[in-house]
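K.L.:
Listed below are the residues making up each chain.
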Amino acid sequence: MRTDQLVDLLARQAGPAPRKAVETRLAVAASVGVLVSAGAAVGVLGLNPALTAMGAALVIKMAYVVSLALGAAWLADRVSRPGTPWRRAAWSLAAVVLAMTVLVAVVTAAAPGTQRLELLLGRSWISCSWRVAALSGPALVAVVWGMRGLAPTRPRLAGFAAGVLAGGLGALGYALYCPELSPVFVLAWYTLGILVPATLGAAVGPWLLRW
Amino acid sequence: MTHKAVQDDFERQLRPLWLSAHAGDEKAYHKALTLTADRLRGYFARRMAGFSHDVEDLVQETLLALHLQRGTYDASVPVTAWVHGIARHKLVDLWRRRGRSEQVFEAFDDLPEALHPVTCDECEAHHDLALLLQALPMAQRRSILDTKLEGLSVADAARREGVSESAVKINVHRGLKRLARIVREMP
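Order-wise, the sequence lines are chains A and B. Just so we're aligned, residue 6 is where the first sequence starts under our numbering, counting upward by one. Just so we're aligned, residue 4 is where the second sequence starts under our numbering, counting upward by one.
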């Protein structure tokens, strides 16, 4: 086949480029992920009846996981496009963790020494991270599937971004059940739980996101 | 002209065409792809010394990828950066499939761009379009033949095949996607 023939073929009746292809695919995948995760959390673990009484603790928890998911979605969008800068999006993720760390440092410093371990471990530290990781599984499948139709040229980073996004969505679902109030707990165990799909995503990226 | 000035010059030439093409201007798209093909030929030729017969295959594979992925272009980024990202990806992918390590390839990335694009009259790749189309499922093949080779409008093709317009568009897109995969997997 001659190249000018291919150019003829590609250009003829090409129509406009698909609009918002990246945003659409990622949004669909994330919506599927968060619905499955929230459904599984409520269905398997149960909705926490004390949720509305948690006040600021719930707001902080939700703000943390939603910010992580948004930063990861931004990074996933950037790395799904060839030749497009992505570092600011990556820094936004670091900034979210840093902001939470500052808050945790303030809370820990203000607490009496005897309560600090309690703030960290709560009552459910043993199960929290694993449940977050398990709930993010369907979201990870959905987001990686969504990204496969796009054009990531850094598959490991793209897999990582997909994993953090999935982890954030899984954590969002888990928060519907989670009885813990302490931001120290959230920073430690939620972040650890989110790192599981993030690591998995980075591991499978080069394999599943090749095109 | 310096390397940077050449790049900027090419960007100035390509960008307005690409943006018109993005909005649906077929002529602008044709011109943009032709210009890009000439640049890609130069880009690959310098990095594929000793494999010159593969250059045209790679140019075509990259053009297909550019077309299939054009929804991932973000207008805030230079078109050349996006094109280069895809070209580099295709080159690394080829080396990887050939068992060359990416580290060896990295050194090629510092090569200065040629001052002139490489054109040719009969740039021919190994694969034969007719044979490639044979490998597609019938619905995809027919949609591509109707719209891309006969030049029927999507509406006319839909009427001829007795399917909806969106089905024709989807068939064309999936067919080209499958073509890209076949071309990539050919030895």
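Take these hints with a grain of salt, some might be off.
The list that follows gives simulated cross-link-like pairs (lysine to aspartate or glutamate, EDC-like), each with its CA atoms no further than 20 Å apart [as the list claims (entries may be wrong)]: (1) 34(B) - 11(B); (2) 172(B) - 13(A); (3) 30(B) - 14(B); (4) 25(A) - 11(B).
Quick caveat, the hints were computed from the structure, so don't treat them as lab data.
K.L.:
Does residue 14(B) lie within 20 Å of residue 30(B) when you go C-alpha to C-alpha?
P.N.:
holds, 18 Å
K.L.:
So if I understand the rule, the pair passes when the alpha-carbon distance is 20 Å or less; does residue 25(A) with residue 11(B) pass?
P.N.:
The hint is violated at about 27 Å.
K.L.:
Is the straight-line distance between the alpha-carbon of residue 34(B) and that of residue 11(B) 20 Å or less?
P.N.:
Since the Cα atoms of residue 34(B) and residue 11(B) sit roughly 18 Å apart, the hinted pair holds (cutoff 20 Å).
K.L.:
Next pair to validate is residue 172(B) with residue 13(A); report whether the Cα-Cα distance is within 20 Å.
P.N.:
This hinted pair holds, its Cα atoms lying about 17 Å apart.
Violation of the numbered hints given earlier is confined to hint 4; every other hint is satisfied by the structure.
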